[in-house]
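These are the residues of each chain, in order.
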Amino acid sequence: MHMTKLRALAFALSAVAGLAVAATVRAGDLLVTGAKPDRLYVIDAEKRAVKSEFRIPGANGIVGAIIPSPDGKVAYVVVNKMESISGIDLKTGKEVFRADLSKPGERVKNFFALDVTSDGKELIVYELPTLLKPSEYQVEDPRFAVFKTNAGLHAKVSRSFPAPRRLHMILMRPGGKTFYAIGFDLYEYETATGKLVGTHGIQKWQLPAHSQPDLLAFWPVTEPTGVFTSPVISEATAGGAAALKTGMMVLDVRAGTLEFNDFEDTSALIFSTVLSPDRKFAYGVYSTLTKVDMASHTLAKRVPVDHTFYSINVATDGHEVYIAGAMCDVGFYDPTSLERRANLKLPGCGDQSLASLRVIPAR
Amino acid sequence: MSIGAPRLPWMSASLLALLCFAANAVQAAEAPDGQALVRTYCSGCHLEHDGVFERISSIRKTPEGWTMTLFRMHNVHGLALPEEASDAITRYLADTQGLAPSETAPSRFALERRPNAKDLDLGPDLAQMCGRCHSLARVALQRRDADDWLKHMHFHVGQFPSLEYQASGRDRPWWDIATKELPPKLGALFPLHTQAWSDWNGRTHREPTGHWVVVGHEPGGRDLVGTADIASDGKGGYTARYRLRDTAGRDVAGDSHALLYTGYEWRGRGALGGVASREVFALSEDGVRMSGRWFDPEHSEDGGDWTAVRADAPAQVVAVLPRAMKAGASGTVTIVATGVGPASSVSLGTGVTAKVVLADDGVIQAVAEVAADATTGTRTVSVGPAAGTGAFAVYRKIDQVDVQPSYAIARVGGGKVPPVTAQFEALASARDAAGVLVPLGPVPAEWSTAPFDAEAARTHDEKFGGSLDAAGRYHPAGAGPNPVREFSGNNTANLKVHARVADGASRLDGESHLIVTVQRWITTPIY
Chain A
1 MHMTKLRALA FALSAVAGLA VAATVRAGDL LVTGAKPDRL YVIDAEKRAV
51 KSEFRIPGAN GIVGAIIPSP DGKVAYVVVN KMESISGIDL KTGKEVFRAD
101 LSKPGERVKN FFALDVTSDG KELIVYELPT LLKPSEYQVE DPRFAVFKTN
151 AGLHAKVSRS FPAPRRLHMI LMRPGGKTFY AIGFDLYEYE TATGKLVGTH
201 GIQKWQLPAH SQPDLLAFWP VTEPTGVFTS PVISEATAGG AAALKTGMMV
251 LDVRAGTLEF NDFEDTSALI FSTVLSPDRK FAYGVYSTLT KVDMASHTLA
301 KRVPVDHTFY SINVATDGHE VYIAGAMCDV GFYDPTSLER RANLKLPGCG
351 DQSLASLRVI PAR
Chain B
1001 MSIGAPRLPW MSASLLALLC FAANAVQAAE APDGQALVRT YCSGCHLEHD
1051 GVFERISSIR KTPEGWTMTL FRMHNVHGLA LPEEASDAIT RYLADTQGLA
1101 PSETAPSRFA LERRPNAKDL DLGPDLAQMC GRCHSLARVA LQRRDADDWL
1151 KHMHFHVGQF PSLEYQASGR DRPWWDIATK ELPPKLGALF PLHTQAWSDW
1201 NGRTHREPTG HWVVVGHEPG GRDLVGTADI ASDGKGGYTA RYRLRDTAGR
1251 DVAGDSHALL YTGYEWRGRG ALGGVASREV FALSEDGVRM SGRWFDPEHS
1301 EDGGDWTAVR ADAPAQVVAV LPRAMKAGAS GTVTIVATGV GPASSVSLGT
1351 GVTAKVVLAD DGVIQAVAEV AADATTGTRT VSVGPAAGTG AFAVYRKIDQ
1401 VDVQPSYAIA RVGGGKVPPV TAQFEALASA RDAAGVLVPL GPVPAEWSTA
1451 PFDAEAARTH DEKFGGSLDA AGRYHPAGAG PNPVREFSGN NTANLKVHAR
1501 VADGASRLDG ESHLIVTVQR WITTPIY
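Same order as they appear, the protein sequences are chains A and B. For the first sequence, our numbering begins at 1 and goes up steadily by one. For the second sequence, our numbering begins at 1001 and goes up steadily by one.
Read the hints as simulated data drawn from the structure, not as lab findings. Treat each hint with caution, since some may be false.
No more than 30 angstroms apart at the CA atoms, straight line, and that leaves these computed lysine-lysine pairs for DSS-like [said to hold, decoys possible]: (1) B:LYS1235 to A:LYS81; (2) A:LYS91 to A:LYS81; (3) B:LYS1416 to A:LYS345.
If we strip away everything but chain B, and leave its shape as in the complex, we get:
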């Protein structure tokens, strides 16, 4: 089963690709191990010399990176590649020519398809030469030496000759920079051979099978807590079964089928609470923690943060929900922890009394009461032998509201490309005695929009751009020329997004900036 690859109908083969493929097509029916498949499907063009394939052996990529390469070989060069072979080649190449966990760490936002993520800062030269078309994470998630980065530049102009004519291309000797300055620079930044990869590739990695405790958070939506059971499917993949509960106490069941690439890259397909989901998680190097993001396959902006810790890991507090309570308040607190027995004692720190009412498989519920004179600050939470600092705070009043993301993009939708919504979240914080801001987590808010500036007011951006719902999600309007708008303009907009948060009788405001822009016509696994 394919995990990461988008599928397109077979297209007519170019003569070149047909010839390349024909050279080895006869072997296609034989043993489907990875290297043999590369030999069968790729070596007609990428000639093999003593087990080294031209170009292919000079590159390391993520599973998504190899998926994109194979998609291009099919879509542009007409390579007829059966789905099973494509999946097996992706897996083989990601396993044998992948990136180490430390190499993908700065760029995981791109693999996880996080909306409104801030791209890597690799300096103005690379931002303009590369980052004006795609994320710099896409660059940083590949490893080549300078000679292959040079070939990559030739590919770019051969495939996209308009590069030299576009804004930020035509103002400089683009080709000279791309061929003389960038290859050594990229070869030094992202070389083929690294200690990190040889260390990781030489190690045995822990299987993800076992019992896990799980915490999930959907921005603007639910928190989920519960457990996951992961088992081998007997065919090199894994099945996961989720038993979760949301903030409102409703059961949320889910399951997934996943492949583990490169010893740590979990890519799953399944459903959560009856909604289709994709999972892009990474196992920690010691194999005891899995973190990442799940999302709707059709709307990658819809999803949440996922953390799972092995239930048999050393005792630790993984999460506390809610993340903060107000002085004088009382209520139920849920603690997710490992290494905790069924009748554990609980402490939520100074000024808070708490009593366990339920302890079930790593999810502990306690009734808590915060003293009226409790001081603002983070608390150390302990449950039995498990303890953690920073996951829970007490506050006297909210001092600040920040809207996240502070700068967001939504896209109008219609036709073949659905709209891209933008989800906002109001995050509260309070100042402790030392004046330090203590994060209190997401809080409910009244949401509204306003024109960002006078020009946005003049062009009625609020009216045309779309609407913001009560949960802080902006739903953009339909795409295409709008005949009732000036110049028949698209329903783009430049808006302020306001959150008003009630704290007792006080009202606190937070603000963000939203751009509603045009559709993205090419949706790639890594932008």
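So that you can see chain A by itself, here it is in the shape it has in the complex:
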């Protein structure tokens, strides 16, 4: 549902009031985020104003991972206590796709692991099913379920194949022939057949003198570089004394390369990260905004932020860093100084919680 123009204008004005308006007007990105109980927001990043506020039907309290279609027209959103995927047209707010994963007698959860093929025609969804028998539950093996994105509001699984337990991320590779799945390890599967074509170490990584790493990535951001990054924490055991290290996992989804590099003795929690368009820096957020020099693998800068934020993204041209998630505001930060330029409070002030913050480039 659209907000009225008047309300939109009011929010736009309140967002810029008291702030230094960006000096140059660019052909800006759109930001997409969600909030409790059922909201999807499209934000004009240059105006720093809510462009559209939509209601997701049957969201049932929480809005999770957000996956934009390759053409940027539709956002596929995990809703309904992780049991449904709703496709929302980002111009009209209309629900154009719906896959309710559960059915009578079987409850299916999706832990934010899903992606859309690069042609936009299929959605790969990780499913954790449980049979609800009258006097007991029976946990079933997880699976990948494939939906056709043109299947409308009652989408049924078009094919499915087995998946490992505890996945939390699916990332389509360009061309759509294979996709990555992140869980205990990094797996690569053929999209058509579900055949496992490769496994790379995460939990069983081979970094010398390090403990098993801890990585929990629920923010499926690969824009603007096509590279997925995530903070990784492990214990380095070099020299006899164990020390917690924070590193970056860098998965180039296009090139198919995977790297891990420590950049500091752990001194702050980081929930999610994003790589700058020139790939020179990564930005991470939780209760601080962190900038990592990706060439020297060092902490470049860190500033406190005014509350915890879970999700982060960066402008397509790199001129601004955006932070969101957790509570009900979106912060706009200078990528060099990490100073806050603006803060946009979302109308209604519902918690964004684990909702993704996605950037859709201007077209």
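For this one, chain A is given, so just place chain B on it according to the hints.
Relative to the frame of chain A, chain B by itself:
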């Protein structure tokens, strides 16, 4: 009347539960005996085979455990269960599929909702697999065989699929461990069939009715002494009437209505001194002693330790108050005892002269005088034929102060979840001639807090966390993001709690560690 069960409004039924219930709903109006009610309300899903109900008959639990199960059936599965039926089913299942006293003994702290209790130590595997979300006492208060523990693992992941993603879940093949290693382990530790249960279940248990002497202690607060009269209510429950007196000599009246589950699990609701109270007591196996804890139903951390002994029990000293006197001091001593006549003689041991001034229904008051040269040590106390060692001590000087609990949790409060306070107590002890520490009981103290470490000082935890009152109770601050705090942080804190105790001209210090943390959103009868 419900004793242990929290109540929630009726929620819309799931189709599944509705179907399950509908199969037998017609019988609901008929005879409300326990098994018939289980048949009526449960067997639509938990099919009955020759008197054995799927799942239900494979499990033994405490009254609280069955209450939680029925609550889940209502809250998650939409079972429409009238309160009377719920209470009757809880009672039937706790009586016929409960735990023996020896089986609940190590875990009673969980039933009694003792604040800052230390959980069971069942080894690192179970601590990480189970104890990271709930107490291990909650596990140990259930009995199943391996096949049902396996079904319990399926329930866990079916109900809480985030288990595999959480810290200490995602670092291991959680599901493999949960389904392959844990069921045989738990089935061996906590099996369905035990000698203890078959012995207890086959016995006739003594009714709690009668006249009792009572001692109660509220940490940081009062001692209570007096009597209890327990009578049958004629409907399968009990009424209790308390006539107590506190440390300051004030009368404290109280009453309670209780059910006795499993032949020994006393669960009462009532009031003590005009304050609402819940009672979680256990009768000893011979039925002559009842012990446990009472607490405020809204603030389970507020409460006290309770001991009651049948007045007609063999002569014994139950308690002496105060627990210690200093050499050269004089004052009134209260002794709670059984089997003592109205004009009993009293002895408080070597170096103490004592004379009975009042002996009323098991509560004896004496004037005592401790010799100036009396030595430090415990004393044998006798009143008429009753005697006891260890309940009373004499000391020359306090040698040590310990703050209990040594590690405490308080929780910020606000909105729907009230704060959880933390009560500290300064416990004194003195060394006897052999250098052995003799406990002297709680003593008054000056209370203060300090930052636990440099980080706590930097983040001004003392300022934001809350305040410690003169009686050693910490009152946490309000919950939620605090805009004037770094990162708009919650009012959490990491503090040292100091007690300074005066003993003549000397000052002795004790210390504890307090964490003020976030709210607990789900309050279950067993954490």
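Going down the list of hints, with the structure as the test:
no.: 1; hint: B:LYS1235 to A:LYS81; result: violated, 45 angstroms
no.: 2; hint: A:LYS91 to A:LYS81; result: holds, 25 angstroms
no.: 3; hint: B:LYS1416 to A:LYS345; result: holds, 25 angstroms
Going down the numbered hints, you'll see the structure goes against just number 1.
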